[in-house]
Every structure is written in structure tokens, then in C-alpha cells.
Amino acid sequence: DAGVIQSPRHEVTEMGQEVTLRCKPISGHDYLFWYRQTMMRGLELLIYFNNNVPIDDSGMPEDRFSAKMPNASFSTLKIQPSEPRDSAVYFCASSGLAGGETQYFGPGTRLLVL
Amino acid sequence: AQTVTQSQPEMSVQEAETVTLSCTYDTSENNYYLFWYKQPPSRQMILVIRQEAYKQQNATENRFSVNFQKAAKSFSLKISDSQLGDTAMYFCAFADSGAGSYQLTFGKGTKLSVIP
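Sequences listed follow chains B and W, in order. The numbers in the first sequence follow the working numbering, run straight up by one, and end at 284. The numbers in the second sequence follow the working numbering, run straight up by one, and end at 124.
Pulled out of the complex, with its shape left as it was, chain B reads as follows (with noise of 0.2 Å):
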């Protein structure tokens, strides 16, 4: 299994662009999630999809965010417009079941706004 995989692994981008993270889940998983990781706030569950649909966006932190789940095998998360705050790294995550299956995490995508 080639695991979780997310592109671009580094973007830098100026204030104002927008920027469209991708994800690739594990097959077979049915939950996928968007975090995100800062120094100062650690990481953070942005969204979570269940059967591609989403179930839980209260950690996105505003109108800018949105994620999107068109099948099952590819998920985005979208900024627009970036803000020099929103450098992070942005991990996606699947997992076979809600509740404690574990969450298997793809290698990030660093974030760099300027």
C-alpha cells in the first residue's frame, strides 16, 4: 500500500494567491481528515469527511478554507486568499473507521505564504 499521499509537499505562495492542497487516502479507508500544525497552536483538526461527505468543518478557520471530497480516492483543501498566518503544514489523514481506528497520516505539505 503506498499510504497517504499529498501534494505538493512545498508550496510558497504570496499573500493574496489562492492555494489548493491535494490528498490521496489509503484505499478502502471510508474517513479522511485535514489538519493543520503550527508552533503555536499544535495540531488542529480542520475537517473530516465519512463516505466522501463532510461531517464535521468546525475547525476550519473561515470563509477562506474550504475542503472538498469528490470520491473516494482524492480530497482537497483550498485557501483563497492566502494569509501570511495560514503557514503551516497541512497533513491529511485516513482511517478505515470512526472511533479509534487509527488515523494513518500522509507526509504534509509545508506552507510557506509571504
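Derived from the structure by calculation, the hints contain no laboratory data. The beta carbon of each residue, even a glycine, is placed where N, CA and C say it ideally should be. Watch out, some of these pointers could steer you wrong.
Derived coverage of chain B by chain W (criterion: at least 3 residues anywhere in the stretch with Cβ under 8 Å from a Cβ of chain W; other residues may be distant) [what the hints assert, rightly or not]:
| # | stretch |
| --- | --- |
| 1 | 193-200 |
| 2 | 208-222 |
Each pair of labels, with its calculated beta carbon distance range [said to hold, decoys possible]:
| # | chain 1 | residue 1 | chain 2 | residue 2 | range |
| --- | --- | --- | --- | --- | --- |
| 3 | B | P240 | W | T26 | 24 to 30 Å |
| 4 | W | T35 | B | P240 | 31 to 37 Å |
| 5 | W | Q16 | B | H180 | 29 to 35 Å |
Given chain B, work out where chain W should sit, using these hints.
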């Protein structure tokens, strides 16, 4: 809301020695799961070990073992025969067992340095 506390921001250990990382959590749930994840400098989050709250037996994975004290809400990680590759951030995490109300809550992490 569940909280996870790691009281040791940084620790160090000599190679081949044993080290214990602390984690406490707060929950009103009776059934839940606990995890330790490792994050080396590469930033990849790697599962180290998983414990189900209804199991009294402590989980072990090779050199890694936990001391799970449910009444005390404590979940410490012991690393035996420490190796240089164990140098990483270690995160304790909690997961509610109820489907539909799922969230993985992380502690702030402990930075472990293994000294040659």
C-alpha cells in the same frame, strides 16, 4: 471536551538507555482509544502504539510499551534500548470511541533527543 496534557516539553536520553514520556488526559467517556505518534525531523506522523481503554493489558510494540492507568487517566510511553532514530517529537492522542462524534485530540508533544 477531552484534553490531553504532555507535561514534558523536552527530554533527553543516552543511547541504549530507557526513557518514559508522560501523558495525562481528561474525559468523561468510559470507552476510548489512546495513541502515541512519533514525528521525526522529516515531519511525517508515524503511529508508535495504540491502546484500547477497555483492555487492561498494556500495549507493546517491540521496544515501545505503555503504562495505561485508566483510573488515573494516565498513558505513559516507555522506550527501551533507545536508538538515535528515536529522536523525534512524540505526541499523545485521544480518540472517542463513539462513531459520529469522532475527533482525535493531540497533546502539545514532547521533544525527545537521543544522545550518542
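Which hints, by number, does the structure contradict? 1 and 3
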